[in-house]
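Order-wise, the sequence lines are chains W and E.
In terms of UniProt numbering, the first sequence has 237 at position 237, counting the first letter as 1, and numbering is strictly consecutive.
In terms of UniProt numbering, the second sequence has 186 at position 186, counting the first letter as 1, and numbering is strictly consecutive.
No lab work stands behind these hints: they were computed from the structure.
Take the hints with a grain of salt, since some may be wrong.
Intra- or inter-copy, both count: the list cannot distinguish identical chains.
Claimed, not checked - Taking lysine to any residue and the SDA-like style, the derived pairs with C-alpha atoms no more than 25 Å apart in a straight line are: (1) K91 x Q101; (2) K91 x A290; (3) K91 x D105; (4) K3 x D148; (5) K91 x P21; (6) K13 x S140.
There are 2 protein chains.
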Amino acid sequence: MSKPTLGLVGVGKIARDQHLPSIAETDLFDLVALVSTSGAAVPGLPTFATQAEMFAAFPTLDAVALCTPPSVRHALTVEALRAGKHTLIEKPPAATVSELQDLVDEARRADRCLFATWHSQFNPAVDAARDLLAAGGVQSVAVTWREDVRRWHPGQDWIFAAGGFGVFDPGINALSILTRILPTRIFVQAADLLVPANRDTPIEARLAFRPASDAIRGPVTAHFDFLQEGEQTWSIAIEMVDGRRLDLTRGGTVLAVDGVVTVSEPDTEYRRIYRRFRDLVDRNASDVDAAPLHLIADAYSVGRRRTVAAFDW
Amino acid sequence: MSKPTLGLVGVGKIARDQHLPSIAETDLFDLVALVSTSGAAVPGLPTFATQAEMFAAFPTLDAVALCTPPSVRHALTVEALRAGKHTLIEKPPAATVSELQDLVDEARRADRCLFATWHSQFNPAVDAARDLLAAGGVQSVAVTWREDVRRWHPGQDWIFAAGGFGVFDPGINALSILTRILPTRIFVQAADLLVPANRDTPIEARLAFRPASDAIRGPVTAHFDFLQEGEQTWSIAIEMVDGRRLDLTRGGTVLAVDGVVTVSEPDTEYRRIYRRFRDLVDRNASDVDAAPLHLIADAYSVGRRRTVAAFDW
Numbered sequence: 001m002s003k004p005t006l007g008l009v010g011v012g013k014i015a016r017d018q019h020l021p022s023i024a025e026t027d028l029f030d031l032v033a034l035v036s037t038s039g040a041a042v043p044g045l046p047t048f049a050t051q052a053e054m055f056a057a058f059p060t061l062d063a064v065a066l067c068t069p070p071s072v073r074h075a076l077t078v079e080a081l082r083a084g085k086h087t088l089i090e091k092p093p094a095a096t097v098s099e100l101q102d103l104v105d106e107a108r109r110a111d112r113c114l115f116a117t118w119h120s121q122f123n124p125a126v127d128a129a130r131d132l133l134a135a136g137g138v139q140s141v142a143v144t145w146r147e148d149v150r151r152w153h154p155g156q157d158w159i160f161a162a163g164g165f166g167v168f169d170p171g172i173n174a175l176s177i178l179t180r181i182l183p184t185r186i187f188v189q190a191a192d193l194l195v196p197a198n199r200d201t202p203i204e205a206r207l208a209f210r211p212a213s214d215a216i217r218g219p220v221t222a223h224f225d226f227l228q229e230g231e232q233t234w235s236i237a238i239e240m241v242d243g244r245r246l247d248l249t250r251g252g253t254v255l256a257v258d259g260v261v262t263v264s265e266p267d268t269e270y271r272r273i274y275r276r277f278r279d280l281v282d283r284n285a286s287d288v289d290a291a292p293l294h295l296i297a298d299a300y301s302v303g304r305r306r307t308v309a310a311f312d313w
Numbered sequence: 001m002s003k004p005t006l007g008l009v010g011v012g013k014i015a016r017d018q019h020l021p022s023i024a025e026t027d028l029f030d031l032v033a034l035v036s037t038s039g040a041a042v043p044g045l046p047t048f049a050t051q052a053e054m055f056a057a058f059p060t061l062d063a064v065a066l067c068t069p070p071s072v073r074h075a076l077t078v079e080a081l082r083a084g085k086h087t088l089i090e091k092p093p094a095a096t097v098s099e100l101q102d103l104v105d106e107a108r109r110a111d112r113c114l115f116a117t118w119h120s121q122f123n124p125a126v127d128a129a130r131d132l133l134a135a136g137g138v139q140s141v142a143v144t145w146r147e148d149v150r151r152w153h154p155g156q157d158w159i160f161a162a163g164g165f166g167v168f169d170p171g172i173n174a175l176s177i178l179t180r181i182l183p184t185r186i187f188v189q190a191a192d193l194l195v196p197a198n199r200d201t202p203i204e205a206r207l208a209f210r211p212a213s214d215a216i217r218g219p220v221t222a223h224f225d226f227l228q229e230g231e232q233t234w235s236i237a238i239e240m241v242d243g244r245r246l247d248l249t250r251g252g253t254v255l256a257v258d259g260v261v262t263v264s265e266p267d268t269e270y271r272r273i274y275r276r277f278r279d280l281v282d283r284n285a286s287d288v289d290a291a292p293l294h295l296i297a298d299a300y301s302v303g304r305r306r307t308v309a310a311f312d313w
C-alpha cells in the first residue's frame, strides 16, 4: 500500500522536537506540505499560510497533523475533517467537553479518522503498567504531579486565566495515564481547588476518585501542585492487593515493581503515535479518549474552591 | 403487542404528581411494582424496599422508571441496566459528565434502552419553537431564568454544597430547552459565576455562548438568578433574522410569535415522556441528550468566579 500523504499544521517547538523527527523515522506517511503562520519552513517542503491554501494546493491530501496552540485547534480540526482529511490533534483535544463531543460527531459525519493523542499514553511503561493492573486486584492508587510553573510556563498568564486549565494543564497528562492503566472507570468524588487570589484557575488541586467497580479496592487520589521547586515529580504509585508496589515515574516513562525498574524507554512516544495514526488511517477508525477531559470538567463541577495567596511570576 | 411491564422506583412527589398519573393515562406500560424506602405505597401494587428485591420477585420485568433523588441515581441505573431492564431516569441524568458517559456505555453493553428525560423538552411549545428556528435564520437568543430559591428549595442546603448545582439546578432545565430548539450546537465562550461567600455553588450565573455555525448570527446568552422575588421568569427570547420575535415562556410551555400566543398546552410533558419511552422500548433504542450537562460542566471549567454576599435562608 502506498503511504498516505500528510500535511503538518503549526511548525512550533513540539512539531520540530517530536512530530517532524517521528514522521521521518517511522516512514509511514509521505509528508508533502506544511502550514505555518510564522513563515517557519523546512527545506524542500512547500509552506502555506493557511490550512485552506494547503488543501487547495494538494486536493488529494490524505491526512493532517495539527500541532497548533489549543485556541485554534477546534476550528482547524472541523475544517480538516470537513475537507475529508484524517486528522491527528495534539493534547488537550479541546477546551471544553462540548467542543470535544462536536469533534467526535464531525469525524463520524465526515467518515474520517480523528486521533486525539494523549502523548503520555504512548509509553511502553504505561502499557506494562496497564497489563499488570488488569491481571491483578488494585488496592490503592496515588497520583503525584508536582512541577514548577515558573520553570515550564514562565510568564504564561493565559494558563491562569479562565479556561486556561491552571495546574490541570500538566494534571490532564497524569489523568490520561491514569485512565489508560486503570482496570475500571473512575468518577470524581471530591476535589479541593486552590486558586490564587489574583487568578482564575487552580495552582494546586487534590482529587478523590470513586472507582466504578471493585476491581479497585481502596482510595484513588491525585495531587497536582504547580509550585514545586527543586526536583520535579510526575509519578503514580500503585499498591496491588497481593502486596506488590508499582511505581510509574518520570511522566509514565519508567516502571518499577517493588523498587526494581522493569521498563525504561523514554522518548519513543511520538514514534508510537505515528504508528498508531497510520493503523487508524488504514482502518478508517477514530481514537478519541474523552475521559481525561471529562474528569477535569467534573473536578471543576463538584470541586470546592479555596482562595490562596496571590501568584506572581 | 402486549404492554411492557414496568416498575417504578422512588415514590416521592414527582412520582405521585406526574409519573403515576401519566403511566395510568397513557396506558402504554403495565405498572406491576414499586420500590420505596419510606414504605409509601399505592393500593393494589406490591412495594419493595430495594430495586434488587423487586427484580427478584418479578424476574421478567421489562422496564423501570427511576424517580429517586440524584444521589442514588447512578448506582440504581447501573443495577437496572445490568439486570436487563429498559430504564427511564429523571433529570439531571447524572452528577458528572463521567457518570453520564458510564451510563451510556452500560446501556450499550446491556443492549437495553436508556431514556434520560429532560422533561421540559417534552412540550408542544418547545417542538413548535424548534421547527420555527430550523426553518429560518436566528439573529439572537437570550435565556432568562429567574426564580426564588427560598420558595422552591426552602432550607435545602445541599443545593449550595459542592456538586449541588446551585442556580444551575433550574438553569439546566433552560439549557435542555435551548439545546433542543437551536438549529446548531453551542459552546460556552465565557461565564460569570457569582458564589455566595458562605457557599460552594453559584447563586447567579451569566453565560455567553458561541454557535458552532452561522445558522445563528448574533449572541446567545443566558442569565440564571436564584434571588428573584415576586414574579418568576423562565423564558427564552429569540430574534429571527427576518425580524420576527419568538417568546418561549413559563418554562417552555407557552410560545408567542410577535406577541401573539401560538401554542399553550401545559402539563402534557410527562404523558409525552411515557409515549416516547414506549416507542424507545419497542425499538430498543436509547435517548440520552448529554448536551445540557456538558454545558454546565463547561461553564464551571471556563467560568470566572466572583464571591458575593453570604446567603442564608
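Comparing the hints with the structure gives:
When the C-alpha separation of K91 and Q101 is checked against a cutoff of 25 Å, the pair qualifies both within a copy, at 15 Å, and between copies, at 20 Å. In this assembly of identical chains, the alpha carbons of K91 and A290 lie at most 25 Å apart whether taken from the same copy (11 Å) or from different copies (23 Å). Taking identical chains as interchangeable, the C-alpha atoms of K91 and D105 lie at most 25 Å apart whether they share a chain (18 Å) or sit on different chains (24 Å). Proximity of K3 and D148 under a CA criterion of 25 Å is satisfied in neither setting, with 42 Å inside one chain copy and 63 Å between copies.
For the identical chains of this complex, K91 and P21 are intra-copy neighbours only, at 18 Å inside a copy versus 50 Å across copies, given an alpha-carbon limit of 25 Å. In this homomeric assembly, K13 and S140 never come within 25 Å of each other (Cα to Cα): the closest approach is 37 Å inside a single copy and 41 Å across copies.
Hints 4 and 6 from the earlier list are contradicted by this structure; the remaining hints agree with it.
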